[in-house]
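Trainee: Sequence:
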Amino acid sequence: MSMYDENDAIEKQNKEKRKKRLVRFAVFLIILVIGAVIFITQELWLPKLRGIGKQYTTIVNDGRLAQGNFPIEVSGGEAYQLECSDNMLFVLSDSSVYIYSDEGGLIKRRQHAYTNAVMNAVNGRALIYESGGSRFSVEDRNGVLYSKESEENIMFVRLSPDGYTAVVTTSADYDCEINVYDRDGKFIYERKCVERVNDISFTKDSKGCVISYIYAENGSLVTSVQETTFTESSEKWTSPGLDTLGVEVCGFGNGAAVIGIDACGYVDGSGQISSLYRYDGEFAGGSCENGRTAVIINSDDTRKYVMTLFDGIGKEPLELSFDSPLIDVTVSGGLAYVMTKNSVLAYDFEGSLRSTAQVNDSYTGFVRCGGYVFLKSFDKIDRINYES
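Add 95 to the 1-based position in the sequence shown for our numbering, that's all there is to it.
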């Protein structure tokens, strides 16, 4: 073999080696890129992957009533109001506001002089206002943070998780007015409305709100939804009228849900109606959180008792049937909790029963808070441990 043939053979071998090294390096880079993409996007796919094939076991809570400071005795009959926030119970009677720990120990009691008092509690703060009157206050466990008096009669007030308040009052020149105050009680926004406002839901970080209006259209009462920010005078969007008398509006990231007395509807982030579901029976209660909604319907004539679950825009509603009338419902932590005359049940929004507890038939409602369910009866509050 000549020297040139040997050189050609060596060069050919070197080329093959370089080619193999380049291929291995290219494969390594591809694997590295795929690994980086998987790591960066894991929050999008990992929760779904974890749920594949996962079977939930229904938790059966014993329903045993707490002892010690429980039951909490409440004077004034069943008209009292109960809220829970930051491991504290806020109880409003006809004459006083009570704050208890979730262990039932009394933290604070303050008398109020409000007629027709109404209470909301969020993130350790309680809002108390005089429905039809002119006064409202915001307080926490340490005392009253601020109080205001309106020139017009208060229709209702809403408290945001950030401590902002939206006060809806009557008006001499308009149907009603909205005045918004920040967490320190400083006035920041005003809106004069030519249609009746029936509910308000704050948007994220309390930078604006979703407002629901009621008006007559073609001989029927309809509910329109509008989103506005506190830095702009004009609204972001306004929906057409949903064919129902709304009782609650719940804004979330890409739209709003309207719970009405005969239907539940969704509006998308551009203000268009995406769905409207009509009930078959008498509306008995509803609750919404982060776009998920649960509504309970009782029909004594047909003995049909239903909880309907709505898992957001574009999702088909899911009906769950029960053997007895439904008393109360709340959506909390991604689950729908419903009370029958002898149990409190928790369902996920795929309709799976996640937990249950037996209770007696003397309770008129409940509040889900932390690891507990607080049970309301005519003149007392009980507590049970509730794992879900």
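Keep in mind the hints are simulated off the structure, nothing from the lab.
Be aware that one or more of the hints could be misleading.
Said to hold, decoys possible - Below, in silico cross-link-like pairs of lysine-lysine (BS3-like), each with a Cα-Cα straight-line distance of 25 Å or less:
| # | residue 1 | residue 2 |
| --- | --- | --- |
| 1 | K399 | K331 |
| 2 | K287 | K243 |
| 3 | K399 | K436 |
| 4 | K299 | K331 |
| 5 | K475 | K410 |
The structure displayed is predicted, hence computed values, not measured ones.
Trainee: Next step is simple, just say for each hint if it's right about the structure.
Mentor: Status of the hints after comparison with the structure:
A C-alpha spacing of about 41 Å is found between K399 and K331, which places the hinted pair above 25 Å, so the restraint is violated. For the suggested pair K287 and K243, the alpha carbons sit about 19 Å apart, so the restraint of at most 25 Å is met. As the CA atoms of K399 and K436 are separated by approximately 15 Å, the hinted pair is consistent with the 25 Å bound. About 15 Å separates the Cα atoms of K299 and K331, which keeps this hinted pair within 25 Å; it holds.
Proximity of K475 to K410 is assessed by CA-CA distance (about 39 Å); at most 25 Å being required, the pair is judged violated.
When held up to the earlier numbered hints, the structure conflicts with 1 and 5 and fits the remainder.
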